[in-house]
Amino acid sequence: MKKQCYHVSIGIKQAKADHLNVSDLLYQADKAMRKSKEEFYKKAENDRRAR
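In our numbering, the protein residues as written are 5 to 55.
Bear in mind the hints are in silico, worked out from the structure with no lab data behind them. Note that the structure is a prediction, hence the values are computed from the model and not measured. Hints should not be assumed to be uniformly reliable.
Stated by the list, open to error - Straight line, CA to CA, 25 Å or less: simulated BS3-like cross-link-like pairs of lysine-lysine:
no., residue 1, residue 2
1, K35, K20
2, K41, K17
3, K39, K20
Claimed, not checked - If you anchor each label on the Cβ, the simulated ranges turn out as follows:
no., residue 1, residue 2, range
4, Q32, M5, 36 to 46 Å
5, S27, K7, 18 to 28 Å
6, Y31, H11, 16 to 26 Å
Virtual Cβ for every residue (Gly too), placed ideally from N, Cα, C.
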């Protein structure tokens, strides 16, 4: 049986209940996740391609 690996990325964003718009909240969470990943991979020691 072939071994398979899965990777998961999660974005988190908080909003006040009276300002809750699900579409905007999901967009902001995705944006925060991408920014975090970009900052993480800017460091050469965290670049998976170098392995």
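Results for each hint:
As the CA atoms of K35 and K20 are separated by approximately 18 Å, the hinted pair is consistent with the 25 Å bound. Distance hint between K41 and K17 is fulfilled; the C-alpha atoms sit about 15 Å from each other, no more than 25 Å. A distance of roughly 22 Å separates the Cα atoms of K39 and K20; the hinted pair therefore holds under the 25 Å criterion. For the pair Q32 and M5, the supplied restraint of 36 to 46 Å holds, since their beta-carbon distance comes to about 40 Å.
Distance hint check for S27 and K7: the Cβ-Cβ separation is about 37 Å, which falls outside the suggested range of 18 to 28 Å. One distance hint, 16 to 26 Å for the beta-carbon pair Y31 and H11, holds here, with the actual separation near 22 Å.
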